[in-house]
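Protein chains: 2
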Amino acid sequence: MAGYTPGEQPRDGNYIKLNTNENPYPPSPRALAAIRECAADDRLRRYPDPLGTAFRQAASRVLDVDPDAILIGNGSDDILTITTRAFVPEGGTMAAPTPSYILYRTLAQIQGASLEEIPFSDTWQPPSPWPAADANLSVLPNPNSPTGTMVSLSNLKRLACECNGPLIIDEAYADFAEYNALTLLAEHKNVVITRTLSKSYALAGIRFGFAIADPALVREFTKVKDSYNCDMISLAAATAAIEDQAYMREIRRKIIATRERLFQELVHLGFEVLPSQANFLWCRSRKQPVKPLYEELKRRLILVRYMHFEGYGDGLRITVGTDDECDRLLAELRKIV
Amino acid sequence: MAGYTPGEQPRDGNYIKLNTNENPYPPSPRALAAIRECAADDRLRRYPDPLGTAFRQAASRVLDVDPDAILIGNGSDDILTITTRAFVPEGGTMAAPTPSYILYRTLAQIQGASLEEIPFSDTWQPPSPWPAADANLSVLPNPNSPTGTMVSLSNLKRLACECNGPLIIDEAYADFAEYNALTLLAEHKNVVITRTLSKSYALAGIRFGFAIADPALVREFTKVKDSYNCDMISLAAATAAIEDQAYMREIRRKIIATRERLFQELVHLGFEVLPSQANFLWCRSRKQPVKPLYEELKRRLILVRYMHFEGYGDGLRITVGTDDECDRLLAELRKIV
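Just so you know, the protein sequences line up as chains A and B, in that order.
Following my numbering, the numbering of the first sequence begins with 2 at its first residue and continues without gaps.
Following my numbering, the numbering of the second sequence begins with 2 at its first residue and continues without gaps.
One chain only, chain A, in its complex shape:
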């Protein structure tokens, strides 16, 4: 087993990092204040609240869901690990669309399960009917990575009905999109929605994600998770961040504006770019191989993500940075392309 290889995280600060979909803006000042407060007395000698009650209450208010419908996680990777362990037996089957988030394959491998990869349709929708209805677990990211495309709400509902097992809708990037799947939860008890504070809340460094699902499912997940899977500082920062919706909306607005401009410029440069509802753009080219472009950009201290998918092909997944960072990227691309 090879294990999952995350995007490059160079330790020196000289790169323009457009490769791991981090937010180019700082976290909410309220989140940073909450972190400093944790270091102001001796509270860190104590174990954190294993259930993350304060976060669940805050998220419950913001998202208008039952606090008991919320499961806290050490990043949404932890949530995906918990749900995989809860649902998928050794020798079982997971299903996910392709091309998509490459972690799903690793999760299946660690669990001793197989992953059935189901190609998206030409319009980036899951095929109808879903050919893996009997999988122990189906996972669908929405928006999808690396494409930034969205599955429609009606197709999500169809998929939730067709799946005999649970369906995870991985909404890591949903805050950048025009809609999300929260409304499905009331009618579809097999749907688990996962979220993260790594992207829209600019808090990849604290590792915090959560799931929203039927409270009966959340109770089962709670038995599988490490008791203290979230630390006290992450919980405090996440609670303050999700309560600061005004700040999140403001940085999201800037990222979406930059995304639309970057999209136009990349199309102008001759790339085939998919309209994206996430904080990244998926760029392919029929004119030239893109791997050398990735390498040349890296030499010029700009990191983007080169990705290749068996049976589909390759491309560059470019995170939407600040306007300045995107201008630097475009200037270099104009010299190279």
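No false leads were slipped in.
Cβ-to-Cβ under 10 Å is the rule here; a few derived chain B residues that face chain A:
#  : residue
1  : Pro7
2  : Lys18
3  : Cys39
4  : Asp43
5  : Leu45
6  : Arg46
7  : Ala87
8  : Pro90
9  : Ile207
10 : Met233
11 : Ala238
Here are the computed lysine-lysine pairs in the DSSO-like style, where the Cα-Cα straight-line distance is at most 30 Å:
#  : chain 1 : residue 1 : chain 2 : residue 2
12 : B       : Lys292    : B       : Lys336
13 : A       : Lys299    : B       : Lys224
14 : A       : Lys224    : A       : Lys158
15 : A       : Lys190    : A       : Lys224
16 : A       : Lys224    : B       : Lys299
17 : B       : Lys292    : A       : Lys224
18 : B       : Lys224    : B       : Lys158
19 : A       : Lys292    : B       : Lys224
20 : A       : Lys336    : A       : Lys292
21 : B       : Lys190    : B       : Lys224
22 : A       : Lys299    : A       : Lys255
23 : A       : Lys299    : A       : Lys336
24 : A       : Lys224    : B       : Lys224
25 : A       : Lys158    : A       : Lys190
26 : B       : Lys336    : B       : Lys255
These are calculated hints, taken from the structure and not from any lab test.
Glycine included, each C-beta is placed from N, C-alpha and C at the ideal position.
Using the hints provided, position chain B relative to the given structure of chain A.
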């Protein structure tokens, strides 16, 4: 499956908490400064170093081991989960002594494996020969919880030789003991030592633990762990804390002094107390049932841990607090016993 129930963590601050082996002293000021530094700029928008290079280098210097022999974890619970997933197949067998840390049973259950519980000898050593030599994984805490007793180095060596599979020596409390098992690593490639910063470093709130093992094993564990299992703040705090050995030694010295005094007083009150090399004492009584004592102490706002083990019996596990906290406990016990 019932899941693991951690010790009570009341959210109000009125209790004297002697039930979950937290450190009564604050974390190192250097750790707290490192946390504040993380909140001073925008670094938290970035993902953390997945390998925790800075921590591994610091721990390598302090413990005089190869940095590649160190695996970082989100608490030592995460380390135990990672190793269980790496070694134990569904339907496999884990082995651990009894009475011991009750999490091991939950870990086996989540993995769909069985736990073989092997009673300690009268002198709190593992029986010779180890009856579970063919288990997929044997786990031995040293010092043991709830007893605070130690397995001798020669018995640890014997056990490492007898086990055909890997042997985890869970050293969560080793900093309070007179020796540890680090010297075994050179000769016994199947030994994995786990440590935590929750106890001796007074950082239960940050969730940080690590393993020390053969670098070839650490490479395999790294494939199983969540890529970003440790967050940036915990890594920074853990690195600063382990570098501040003078501070750790000072609070350890105070805790050991209080432990010895508390031991004498509890014996004086008529309890059967085992000499402990950890930061807690295991108290039993032939004169009266101890569960009502736990309940009465709780009514008087002092939390200790009542534990019952099938085939062995029950007792109170009392964390060593500050001198003041222990005096309060003793004063109440004198009224109740």
